[in-house]
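Q: Here the protein sequences come in this chain order: Y and L. According to our numbering, the first sequence holds residues 34 to 442 in order. According to our numbering, the second sequence holds residues 47 to 520 in order.
Since the hints were derived computationally from the structure, they do not count as laboratory data. Treat the hints with care, as some may be off.
Below, computed lysine-lysine pairings styled on BS3-like, alpha-carbon distance capped at 25 Å [claimed, not checked]:
#1 Y:K296 with L:K64
#2 L:K64 with L:K119
#3 Y:K430 with Y:K419
#4 L:K71 with L:K139
#5 L:K271 with Y:K59
#6 L:K139 with L:K64
#7 L:K271 with L:K251
#8 L:K302 with L:K271
#9 L:K345 with L:K271
#10 Y:K60 with Y:K294
#11 L:K296 with Y:K294
#12 L:K271 with Y:K294
#13 L:K302 with L:K345
#14 L:K498 with Y:K60
#15 Y:K352 with Y:K393
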Amino acid sequence: MLDDGQDEPDPDYIRSIRAGLRYWQKKTETMQAGQAMWLDGQRFNLNEAVVQGLRYPETWQDTALLLLQTFDFSEWRGYWHEWTAVFEQALAAAPDQQTVVYGRLQNRLGQLYRLGHRLPEAEAQHEAALVLAQKLANDELLAITYNCLAEYHLEQRDVDQTRAFAQAALDLAQTRPSLERIAAFAHFSLGKNEEFVGNWPAAIDQFQQAIQTWLSLNNNVYLARSWAKLGEIYANTSEFDLAQQAFEEAGAILGPTNNVKDKALVSLRLGVLYYRQKKWARAETAFLEIDPVALREQNELDLLATVYNNLGNVYLEMKRWDSAADHLNLAIALFRERENALELGNSLGTLASVYAQDGKQEGALPLYEEAIQLLRQFPQSQWAQKLLREFGAGYEKLREALGKDTDKQ
Amino acid sequence: MNDLPENEASDLRGAVHKALSHWTKNTADPGTLLIELVAVQQAQSELGAGETPSMLRAATNKVLQEAMADLEKRAPRVVDVLRQRFVYDKTLKEVANMMNFSTHQISRMQRDGIEQLTDKLLAQEEAIGRERARSLESVLPPPTYTRLFGVDELCQELTALLATPEAPWVVALVGMGGLGKTAVSDWVTRYLLKQLSFSHLVWIKAGASHTMGGQAEPPSLTYEKILNQLLAQLFPGARTPLDVADRTMKVRQALKARPYLVVIDNLEAAEDTSILLNYLNDLAQPSKFLLTTRIRVAKQAAIRDVPLDVLSFADSAAFMRHHAAETGVTAVAQATDEDLQKVYAKVGGNPLALKIVVNVLDMLPLNRLLDGLTQNYPTQVLEMYMRIYWQAWQTLSENGRTLLKAMPLTREPADVDYLLVISGLSENAIWPAIEELRQRSLLEVEGDLHEKRYGIHHLTDTFLRTEIIHIPMT
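Could you put together the complete structure from these sequences and hints?
A: Right under this line is the structure:
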């Protein structure tokens with residue numbers, strides 16, 4: 034007896050899927066970093082339960098809830114690129130598109146698109162979720178969606194929209210204790226927004242509030258992220274001891290985890306801290322602590338490019354021109370691929386500085402020009418303006434030295 | 047005595063004589079140094095010896111000195127002759143006068159001494175080889191077979207291809223599922239380790255090359271994953287270079303410095319395998335790669351694909367009897383050739399299929415089994431498999447079926463807790479079910495004393511999905 038043309042799934046198998054989903058739901062109920070490490074070794078079986086669960090209407094709801102519950106795990110461990118297609122499948126297979134769960138999935142898919150740098154698709158998902166949340170008049174979904182839109186606009190460097198959505202999320206979240214988690218995310222988004230415009234006291238205030246909330250929620254990974262961001266602000270304000278303390282807090286929390294990306298971010302910031310203190314060798318060591326293999330495997334190309342960029346800057350200070358150029362070129366290739374204009378402008382301008390100091394002035398000019406052009410797209414960014422001033426001055430000086438007219442820019 | 051052919055032993059005798067004759071000379075002529083001996087290579091590394099003539103000489107002399115000291119316990123006179131002649135650089139005549147023998151006698155004692163010294167060195171080489179093979183074998187997963195059938199020539203071909211210090215540098219063992227590619231690779235690897243063909247070994251289990259969404263991964267990503275596994279095994283705990291090119295260089299340097307055997311089991315790069323193989327070829331020489339794959343490899347220089355075929359009738363019959371004896375299926379162990387020929391005509395010579403059939407015959411009479419396999423072999427291989435699985439399925443207990451039906455949810459071998467959950471069986475019911483499926487070759491068990499995990503072969507998975515559960519394949 035071979036294929037009898039029957040395509041109804043076996044009811045026992047449906048029961049097995051349901052039992053499997055319940056097993057994973059229970060195992061991921063209170064997702065913590067330690068649990069994520071355990072889950073890492075089992076993830077293919079978790080994935081299979083999800084993939085099978087999405088096939089059948091009777092297991093869709095359980096699967097969708099499991100997907101939402103394990104989202105943190107996939108994001109922390111960098112499996113988000115694998116999960117994008119699964120969330121798309123989940124939405125396509127939804128038996129009812131007018132539910133809170135559907136809206137939450139839309140927001141998560143939007144978040145995955147953002148991680149994959151698919152911004153128009155991300156915006157569409159969040160906007161659709163917003164319409165649904167308003168229609169369902171569901172405060173939780175509304176607050177989540179506001180915060181997602183804040184994060185989206187933050188990535189677009191749209192300061193006003195970011196502030197408006199994050200504040201709306203915060204206002205709503207503060208009305209209910211069950212939405213504390215969203216409040217913490219909103220503080221985090223607001224902090225990053227203030228950081229972007231260089232409003233350090235406001236940024237510190239927001240990150241400290243995020244820290245307090247994560248502490249009360251006992252969520253270590255997001256707590257570590259908030260500490261790390263706070264450290265970054267202290268580093269920007271040259272409060273190096275406070276910055277170091279904040280990074281150490283973050284590092285201690287992340288130490289026992291296998292959150293590659295978060296650990297990389299802490300090492301990166303620590304490296305930047307040493308860089309600001311002109312401790313070049315220590316900065317180099319901190320940057321080299323980062324595991325590039327894992328970052329590449331997790332498709333964290335922006336972060337990897339930043340590591341290259343920062344190493345390039347360290348080598349520039351060490352006057353190791355060839356190493357500096359090699360690393361900056363790696364960063365440029367990645368930022369270009371990722372269409373990350375602000376960071377690309379920075380790396381290009383830095384490479385121009387390397388060439389200018391290494392006696393390769395002709396090679397430096399077009400790099401400065403491209404960098405300046407890119408950085409002009411960000412009038413609201415204090416950092417972009419600072420870079421523009423630096424690179425602009427370098428460019429003018431170089432043109433003068435080469436005896437060229439200065440009206441080109 | 048050693049197992050080396052006489053001409054190899056006599057070659058070594060000549061080399062030992064030459065090495066002794068150059069005891070006091072600092073020449074880098076490799077013909078005067080016993081650098082092919084593993085003991086000398088070890089001494090070289092213990093002494094921290096570089097490639098300078100004096101250091102290479104020191105390593106060779108150290109090994110000879112130790113062998114002479116050992117030999118001295120039972121043959122002090124010949125060793126004395128060797129020392130006087132070579133260490134103290136005396137002529138035959140001087141030694142003869144000193145020891146009150148004729149030059150002819152001293153010459154004979156010298157010849158005996160060199161012969162005994164050579165035997166000692168050979169025995170030592172064998173012991174080192176056994177020890178090294180034991181230590182390298184610990185890298186390998188435990189073998190899944192007790193004996194191999196019908197692959198003698200193939201194993202010879204593979205060992206010859208891999209042992210020769212020239213192209214091909216990448217050898218791909220190609221064949222469909224269930225033919226025993228992993229078992230053959232395991233045997234070949236263990237054999238080569240015992241023969242000291244490779245001083246280092248890396249064994250990588252490749253596995254799925256599809257993402258969760260079902261998309262095939264590009265060969266560059268498969269290569270990067272392999273590269274990362276190589277790095278982790280070659281430089282455990284070391285800092286990983288930032289750039290892929292740097293990582294490639296680091297792995298390349300290690301694989302170029304010493305002859306590693308790198309086995310990549312179960313490579314399933316569906317997209318453009320030739321690109322991947324070219325990457326690997328670039329890392330090889332003197333190291334070699336042995337891959338197992340279900341996908342045929344495009345013809346390329348320095349890369350060889352070796353097909354693993356189904357077993358002949360004679361080998362199939364021997365295999366069935368062996369497996370039957372091992373698993374206690376006496377009816378098959380004592381079956382006539384005629385009966386087994388009937389099975390072979392229906393099933394063909396795929397070892398996994400034959401194993402399942404043998405286990406089914408523990409429950410079903412032969413004619414019933416044969417009736418179920420309506421078409422004669424060769425037919426569509428997958429279809430044949432499905433028929434065999436159907437036969438096996440029908441012999442299973444209710445609990446066995448319940449457990450097996452849940453197994454497609456295990457993309458990777460899972461522990462018994464998960465099996466309990468997805469099967470819905472009780473603790474009392476699951477162990478007999480596990481044992482039943484294992485005996486029928488339908489469940490694979492892996493792990494150690496402390497932890498066991500259970501999974502299914504991909505052909506079993508295909509059968510369950512298409513025939514039993516009716517879910518599309520991913």
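Q: Determine for every hint whether it applies to the structure shown.
A: Now the hints, each set against the structure:
Straight-line distance between C-alpha atoms of Y:K296 and L:K64 comes to about 59 Å, which puts the hinted pair past the 25 Å bound. Using a Cα cut-off of 25 Å, the hinted pair L:K64 and L:K119 holds, with the two alpha carbons roughly 24 Å apart. Distance check on the hinted pair: Y:K430 and Y:K419 sit about 17 Å apart at the alpha-carbon level, within 25 Å; holds. Restraint check: the Cα-Cα separation between L:K71 and L:K139 comes to about 21 Å, which is no more than 25 Å; the hinted pair holds.
Restraint check: the Cα-Cα separation between L:K271 and Y:K59 comes to about 32 Å, which exceeds 25 Å; the hinted pair is violated. This hinted pair checks out: L:K139 and L:K64 have alpha carbons roughly 19 Å apart, not beyond 25 Å. For the hint pairing L:K271 with L:K251, the CA-to-CA distance comes to about 11 Å; that is within 25 Å, so the pair holds. A distance of roughly 20 Å separates the Cα atoms of L:K302 and L:K271; the hinted pair therefore holds under the 25 Å criterion.
A threshold of 25 Å between alpha carbons decides the hint, and for L:K345 with L:K271 the separation of about 24 Å falls inside it, so the pair holds. Distance hint between Y:K60 and Y:K294 is fulfilled; the C-alpha atoms sit about 23 Å from each other, no more than 25 Å. For the hint linking L:K296 to Y:K294, the alpha-carbon distance of about 24 Å falls within 25 Å, and the restraint holds. A hinted pair counts as satisfied when its Cα atoms are at most 25 Å apart, and L:K271 with Y:K294 qualifies at roughly 18 Å.
Annotation: proposed proximity of L:K302 to L:K345 holds, straight-line Cα distance about 24 Å (limit 25 Å). At roughly 20 Å between alpha-carbon atoms, L:K498 and Y:K60 fall within 25 Å of each other, so this suggested pair holds. Distance check on the hinted pair: Y:K352 and Y:K393 sit about 14 Å apart at the alpha-carbon level, within 25 Å; holds.
Of the hints listed earlier, those the structure fails to meet are numbers 1 and 5, in rising order.
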